[in-house]
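Student: So you can see what is in the structure, the chains are spelled out below.
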Amino acid sequence: MDWSLIWKAAIALSGFGALLGAILAVASKRFHVEVDPRVAEVLEALPGSNCGACGLPGCEAAAEAVVKGDAPVTVCKAGGPDVAAEVGRIMGVEVGSLVPLVAHIHCRGGKSLSPIRAIYQGVNSCRAAEIASGGGKACPFGCLGLEDCANVCPVNAITFDEEHIRHVNVRKCTGCGLCADVCPRDLIQMVPASATVFVRCKCQYTGKKALSVCKVACIGCKKCEKVCPADAIHVSNGFASIDYEKCTNCGECAAACPTDSIQLWEAREGHPEGGVFVVPEKKRKRDDRGSDQ
Amino acid sequence: MGRTSGLLYRIRGGVHPSDSKEPSAGKEIRRIEAPATVTIPMRQHIGAPCVPRVGKGDEVLVGTVIGDSEAFVSAPIHSSVSGKVARVAPQPHPAGGEVLAVIIENDGSYRRDPNLEPPGPWEDMEPERIREAVRAAGIVGLGGAAFPTHVKLSPPGEYPIDTVILNGAECEPFLTSDYRLLLEEPDSVLEGIRIIMRAVGARRGIVAIEDNKPAAIKAMESSARGSGIEVASLRTRYPQGAEKVLIANLLRREVPSGGLPMHVGVVVNNVGTAHAIAQYFSQGMPLVERVVTVTGSVVREPSNLLVPLGTSFAHAVEACGGFTEPPGKVIMGGPMMGLAQHTMEVPVIKGTSGILALSREETGYSVPAEPVCIRCGRCVDVCPMGLIPTYLGSYAHNEKWDLLHRLHIEDCIECGCCTYTCPTKNPLVQLIKTGKAELARRKQQADRREAERREAVGESGEAGKDE
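Chains A and B, in that order, give the protein sequences. Per the working numbering, the first sequence starts with residue 7, numbered consecutively. Per the working numbering, the second sequence starts with residue 19, numbered consecutively.
In isolation and in its complexed conformation, chain A is listed as follows (with noise of 0.2 Å):
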């Protein structure tokens, strides 16, 4: 055996690995990249899903946004107020109180309640059935129940029953509002989580032409607006709609509503989706009152 092999490659190899240490040394002092360290806290206290609700490119491209001050440290609609406060906390930026909201879908016309009045056949989608004539559902402002706002949904928190009934999970829901952007008749509304009253039409017909359209369609008769407390609900366009920075949750209005349209959600443990719509007793008429007594 030639020992003097061996040491010759032993030499030649570490000289080698020396120089090209030495280069990559250099090169990392030379070409070093400020990376603000608070990037990466950023993305750490970001929810992780890249579900682009912020409008930019994925949490990464968030934080950088949120870094360079091209992004407010509320950026992230799906993380709700506890990523906006960790972010702020990172930032050094005050977070005044924020709301976690949640998708309300504003109809709730099945296919046994909102007539056919066209076949349509043409591209699985709302968008591409609101450009064909609206598609076959007799009301033109409801419901297409063609899923578009289900598959945008990043958490599934949207699905369809067999009655084309759109039905969000509450649990899951963060409120992102993709869906909201997707609908292309603008049905779905982000609202605070707490709200329990809701208006589930959004019909711009009013009276007889309402219900020819849908049997529990809003038909605009403004008995909700008389008997809010809080002066919450208004009628315009032909539907009733809440404004939830009033809104005090008394359900008066849904008890009002002539064809239920105003209906109370009710959380339930354990539910699947979080809870259930319920119809309140109504008000009796005042000559039933009467024979009561």
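The set of hints was computed from the structure by calculation and includes no laboratory data. This one's a predicted model, so the numbers in the text were calculated from it and none came from an experiment. For each residue, glycine too, the CB sits at the ideal point set by N, CA and C. Do not take every clue at face value.
[To be verified] Distance condition first, Cα-Cα at most 16 Å in a straight line; then the derived EDC-like pairs of lysine to aspartate or glutamate:
1. B:74 x B:116
2. A:178 x A:279
3. B:451 x B:428
4. A:83 x B:470
5. B:461 x A:279
6. A:229 x A:258
7. A:215 x B:116
8. A:288 x A:258
9. B:454 x B:432
[As the list claims (entries may be wrong)] Here are some chain A residues pointing at chain B (derived, C-beta under 10 Å):
10. 91
11. 129
12. 137
13. 139
14. 140
15. 146
16. 273
[What the hints assert, rightly or not] Which stretches of chain B does chain A cover? Using the computed rule of at least three CB atoms under 8 Å from a CB of chain A, they are:
17. 91-101
18. 113-121
19. 349-362
20. 379-393
21. 448-455
Here the structure of chain A is known, so what remains is to put chain B in place on it, guided by the hints.
Tutor: Here is chain B on its own, set in the frame of chain A:
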């Protein structure tokens, strides 16, 4: 002048569906009475909708302005009957949804508005005055798209127009309204193109007709002899009548991506539009009626009707003997680009070139729930704009919006050749239309979000500086 050989005009792509024009091609244009009430929508053109100029109870006469707009891209709307305004309310519109409409009770006397007068001889009229007259007459493109004609006739100074093309290709199957006009009113059509040429200052005028209408070509040629207007015979191939295709075939000029015909010095108008302009200059009657082909396998007597605007589809079909059996689908326009209707109560509007009723057997196909592409490439072969419809379709389906833009989705003319030729019946045009609409919507949303974010950063950014 001379007739140019059809063999020269070979188009890129395109398809050749059965033209199905026989049922109504031989029928003379027949004027029909308006029904007891007419419904005239305030949006009958591309651009700003009109604002009603009349209210409930007002008396109107034939030709009275009932809607107008301050916007440049818009055209006034006139009453097609004399009578009383019953109400002004949103009504179903043939282009989908509901649109504010003036509903007039027809008194049946068709008294003409006494204020209407022909605008005078056009031969020595300033181009500006011609454009004003065309706008006052409420004339829009009668081929179907209904773009206000006075806008087309107002090209900005940097784009001089040398050629006016009158589009008589009528490449959509079934429709024969332009054919009948060319046959019955060639002199009026000719007068129209000369007025248009004066308005835009063009030297050359061409009336382009597909060679499956030899009688119309002959009528136009004998009428145009000695007038300096050329009559071109086009090879019969859909979509020969799409204006960008027409320009490429007749003049060998390619309209740039995202551009308009005026960018290559051309103005294209439909023959019906030219006829309407000539009628206004000779009689002073604004656009209150149009030729509509009522046809299809379930119409008892397919016909070409001169219909007062605002007449319901049901009334127009009734004037043709009604349906022989309940239709499977009723379409406004032709089968390739027309719009399916959900009710027969929608009115005939300025863009209604035809009412097509097809039987249940003809329309009983199903669309695949998920688009399936077998990569045969037929849609690429037939696309007259040189696009890749299958990619556009699947990108739209899979929501790859940025890629749609990169593949020039905006250049799609929605002619329907790709859907027609697709062996797996993919609704490619609908997917592409959805993609276009979504791109426009996302642009709006992005702009709004950007503004919101700026505002939010403005506040928190200042808070950060206090640290």
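Student: Which numbered hints does this structure break?
Tutor: 1, 5, 10, 16, 17
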